[in-house]
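Could you put the whole structure together from the sequences, leaning on the hints where they help?
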Amino acid sequence: MYLYDAIDREFLTDRSNEFRHQVARRLAGELTEDQFKPLRLMNGLYLQLHAYMLRIAIPYGSLNSRQVRRLAWIGRTYDKGYGHFTTRQNLQFHWIKLKDVPDILDAMAEVDLHAIQTSGNCIRNVTADPYAGATAEEIDDPRVWSEVLRQWSTLHPEFSFLPRKFKIAVTGALTDRAAVKTHDIGLFLRKGRDGAIGFEVVAGGGQGRTPYIAQTVRSYLPAEHLLSYVEAILRVYNRHGRRDNIYKARIKILVAALGIEEFTRQVEEEWGKINAERADLPAAELDRIRAAFAQPRFETLPDVSDAFEAARAASPALQRFVRNNVKPHKVPGYAIVEVSLKAIGQTPGDATADQLDVVADLGERYSLDDIRVTHAQNLVLPHVKLDDLPAVHAALEAAGLATANIDLASDIIACPGLDYCALANARAIPIAQDIARKFADPDRAEKVGELKIKISGCINACGHHHVAHIGILGVDKKGEEFYQLSLGGSGAEDASIGKILGPGLSADKVAPAIDALVEAYLHIRTGEERFLDTYRRVGLEPFKEAVYAQAD
Amino acid sequence: MKAITANRLIDGEVVFWKGGAWVDGFGDAQLFDEGQDAEVETAVATGKAQPTVVIDVYSIDLTPSDGRWAPVSYRERIRALGPTNEPTHGKQAVGGEVVEALRHADGAARSTGRVDLIRRK
Chain H
0 MYLYDAIDRE
10 FLTDRSNEFR
20 HQVARRLAGE
30 LTEDQFKPLR
40 LMNGLYLQLH
50 AYMLRIAIPY
60 GSLNSRQVRR
70 LAWIGRTYDK
80 GYGHFTTRQN
90 LQFHWIKLKD
100 VPDILDAMAE
110 VDLHAIQTSG
120 NCIRNVTADP
130 YAGATAEEID
140 DPRVWSEVLR
150 QWSTLHPEFS
160 FLPRKFKIAV
170 TGALTDRAAV
180 KTHDIGLFLR
190 KGRDGAIGFE
200 VVAGGGQGRT
210 PYIAQTVRSY
220 LPAEHLLSYV
230 EAILRVYNRH
240 GRRDNIYKAR
250 IKILVAALGI
260 EEFTRQVEEE
270 WGKINAERAD
280 LPAAELDRIR
290 AAFAQPRFET
300 LPDVSDAFEA
310 ARAASPALQR
320 FVRNNVKPHK
330 VPGYAIVEVS
340 LKAIGQTPGD
350 ATADQLDVVA
360 DLGERYSLDD
370 IRVTHAQNLV
380 LPHVKLDDLP
390 AVHAALEAAG
400 LATANIDLAS
410 DIIACPGLDY
420 CALANARAIP
430 IAQDIARKFA
440 DPDRAEKVGE
450 LKIKISGCIN
460 ACGHHHVAHI
470 GILGVDKKGE
480 EFYQLSLGGS
490 GAEDASIGKI
500 LGPGLSADKV
510 APAIDALVEA
520 YLHIRTGEER
530 FLDTYRRVGL
540 EPFKEAVYAQ
550 AD
Chain Z
0 MKAITANRLI
10 DGEVVFWKGG
20 AWVDGFGDAQ
30 LFDEGQDAEV
40 ETAVATGKAQ
50 PTVVIDVYSI
60 DLTPSDGRWA
70 PVSYRERIRA
80 LGPTNEPTHG
90 KQAVGGEVVE
100 ALRHADGAAR
110 STGRVDLIRR
120 K
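Heads up: the protein sequence lines correspond to chains H and Z, in order.
For what it's worth, numbering that gives the first Met the number 0 labels the leading residue of the first sequence as 0, then goes sequentially.
For what it's worth, numbering that gives the first Met the number 0 labels the leading residue of the second sequence as 0, then goes sequentially.
Since the hints were derived computationally from the structure, they do not count as laboratory data.
Backbone N, C-alpha and C fix where the C-beta goes; we use that ideal spot for every residue, glycine too.
A portion of the hints provided could be inaccurate.
For lysine to aspartate or glutamate, the following DMTMM-like pairs were computed, each having C-alpha atoms within a straight-line distance of at most 20 Å [as the list claims (entries may be wrong)]:
no.	chain 1	residue 1	chain 2	residue 2
1	H	LYS98	Z	ASP10
2	H	LYS476	Z	ASP60
3	H	LYS477	Z	ASP60
4	H	LYS96	Z	ASP60
5	H	LYS79	H	ASP507
6	H	LYS36	Z	ASP10
7	Z	LYS47	H	GLU32
8	H	LYS437	H	ASP507
9	H	LYS98	Z	ASP60
10	H	LYS36	Z	GLU12
11	H	LYS96	Z	ASP10
Covered by chain H, per the in silico footprint, the following chain Z stretches (three or more residues, Cβ under 8 Å) [claimed, not checked]:
no.	stretch
12	3 to 16
13	51 to 57
Encoded structure:
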């Protein structure tokens with residue numbers, strides 16, 4: 000992984016010291032809250048319902064064991080012994096005290112972590128495929144380009160005061176595990192006709208109150224021009240983005256207003272004016288960054304591990320875990336292991352400090368010191384030897400981390416909702432817990448198959464409800480929590496925005512409604528159809544009937 | 000009936016007004032009758048003039064519950080209790096009658112519960 004150099008470390012130390020002084024001045028009354036708020040937000044510090052919340056950037060969801068251990072230590076020392084992984088591959092602590100934050104930032108800086116650009120109208124933490132460097136379907140390693148973008152966008156003076164926040168995602172695989180098309184800029188690595196590497200550049204995606212799927216601005220951009228091209232897009236946005244209306248300030252509104260052809264024309268024109276030699280990354284610098292992601296020395300192993308085969312033949316639990324949580328690796332004898340943070344009844348995305356320590360140990364011992372965070376609020380051990388799978392599974396099981404439900408109905412994305420968040424209108428976590436309990440029987444969950452349920456506690460859509468197979472949006476209806484269901488969304492390579500099913504439901508009616516939707520699906524599905532495929536074939540009507548006939 | 004709430008600057012803790020001071024528990028909060036609007040206004044103004052102690056001072060509407068008072072707003076009840084997904088986290092951890100009354104309260108959610116609500120950017 001990319002490790003900071005002396006300059007990076009000095010910068011983080013300075014930044015931490017600066018914030019320490021800012022906090023002291025705020026507490027002494029030398030700064031008003033209006034003056035202080037933008038400063039704390041620049042360091043990822045929000046005030047939520049019960050305490051401050053600190054959002055820590057995890058660049059492209061990639062961590063080493065030392066960092067995970069440090070996060071566990073922070074959770075234990077300054078929070079209530081846990082942390083919450085977000086849909087942007089970040090980690091949030093929900094019980095932070097302002098007076099402790101400078102010490103926390105110092106502790107993070109020691110392991111190359113910070114909370115810069117996790118808030119505000121700037122380029123936010125770049126997200127990427129959590130299987131990067133491990134999956135066989137990859138054209139190039141998206142971490143290389145994510146790191147290029149991270150370094151370029153960090154404190155970029157021209158893009159520090161954009162009309163609104165700006166999110167970039169990168170994937171090198173055809174399977175989209177990073178919800179790339181819901182981003183302001185999405186980058187798909189592509190192979191050119193000449194065999195060179197480039198990007199399909201999409202822009203104008205986003206969720207929130209006006210969801211859009213990103214559209215293609217350029218089907219092939221030679222990779223070496225990434226920075227100049229992204230700069231051109233940002234310049235067009237920075238110039239024309241609506242600063243007068245917060246609800247119309249994201250680039251998606253601009254792209255929709257101009258139309259993709261005109262937007263593209265303006266971007267290309269702007270790109271033509273940029274001195275690429277100045278703007279693009281020098282080849283030597285790219286090589287330096289790429290070297291940080293050089294393929295680790297994998298062992299030469301047989302395709303099949305006898306030890307693993309024997310273990311799984313003897314253990315239905317391991318067998319189930321392998322069916323759902325273990326994915327093919329590019330190197331024979333290795334596997335990608337997903338660690339579910341969705342145990343039935345638990346808060347989606349929460350990990351205790353003890354669990355984080357277990358994951359750190361497993362990552363260090365069995366996964367080449369590499370640990371990833373997914374946008375679905377789970378963790379990944381990307382490089383596990385098949386020989387080691389039984390031991391890894393046993394250790395995860397002992398820590399309550401072996402729930403075999405990746406992409407199943409109980410693997411629910413949920414934002415913190417009204418239990419924590421100052422913006423929320425309704426709770427999301429208890430709804431997720433109720434639904435997960437309906438699928439506590441793992442046989443039933445597997446029978447249903449891939450079903451992505453996602454819940455947001457307000458229209459800002461941190462819970463990705465627009466791009467869920469079944470999306471749930473919490474609203475405040477005449478003073479009560481109500482939930483609006485939508486079907487047919489997808490955040491993957493077949494991206495689409497869900498359609499609203501019908502009138503909102505009260506909190507206690509949501510899980511039974513999901514049950515009814517699933518039963519209807521099981522009744523009408525044909526062959527290997529996923530829930531999403533069946534919906535796309537039959538439309539809303541049969542599902543509407545299933546939910547609202549029962550509700551009457 | 001009304002109470003006054005804020006978050007304490009130094010740690011973000013939810014606090015309630017009580018006769019010129021800030022207390023952690025909703026059960027200890029000073030309650031204002033319908034006729035005491037002027038007192039509420041004065042107390043809110045006093046709180047707002049303590050920017051190094053508290054932030055975001057506002058009054059909340061209350062409703063009867065279990066023979067006690069509880070915030071009308073769901074959001075305010077969660078602030079007074081702690082998150083519903085972690086019953087041992089936050090103020091609710093102490094248990095007792097006040098907590099039970101808050102848990103049993105029903106009524107409107109945030110949009111009608113917070114007086115003079117201004118959506119912050």
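Hint by hint, here is what the structure shows:
Distance hint between H/LYS98 and Z/ASP10 is fulfilled; the C-alpha atoms sit about 7 Å from each other, no more than 20 Å. Note on H/LYS476 and Z/ASP60: the hinted pairing holds, with a Cα-Cα distance of about 18 Å set against a maximum of 20 Å. For the given pair, H/LYS477 sits about 16 Å from Z/ASP60 by alpha-carbon distance, which is consistent with the 20 Å threshold. Between H/LYS96 and Z/ASP60, the direct Cα distance comes to roughly 28 Å. Violation of the 20 Å bound is thereby established for this hinted pair.
For the proposed pair H/LYS79 and H/ASP507, the alpha carbon gap of about 29 Å is over 20 Å, so the pair is violated. Distance restraint check for H/LYS36 and Z/ASP10: the Cα-Cα separation of roughly 15 Å lies within the 20 Å cut-off, and the hinted pair is therefore satisfied. The suggested pairing of Z/LYS47 with H/GLU32 holds, with an alpha-carbon distance near 11 Å, which does not exceed 20 Å. Of the pairs offered as hints, the one joining H/LYS437 and H/ASP507 holds, with about 13 Å between alpha carbons and a cut-off of 20 Å not exceeded.
For the hint pairing H/LYS98 with Z/ASP60, the CA-to-CA distance comes to about 31 Å; that exceeds 20 Å, so the pair is violated. A C-alpha spacing of about 17 Å is found between H/LYS36 and Z/GLU12, which places the hinted pair at or below 20 Å, so the restraint holds. A C-alpha spacing of about 4 Å is found between H/LYS96 and Z/ASP10, which places the hinted pair at or below 20 Å, so the restraint holds. Chain H is given as covering the stretch 3 to 16 of chain Z, and this holds because 7 residues of the stretch bring a CB closer than 8 Å to a CB of that chain, at least three being needed.
A count of 3 residues in the stretch 51 to 57 of chain Z with a Cβ less than 8 Å from any Cβ of chain H is obtained; the coverage claim is therefore met, three being the minimum.
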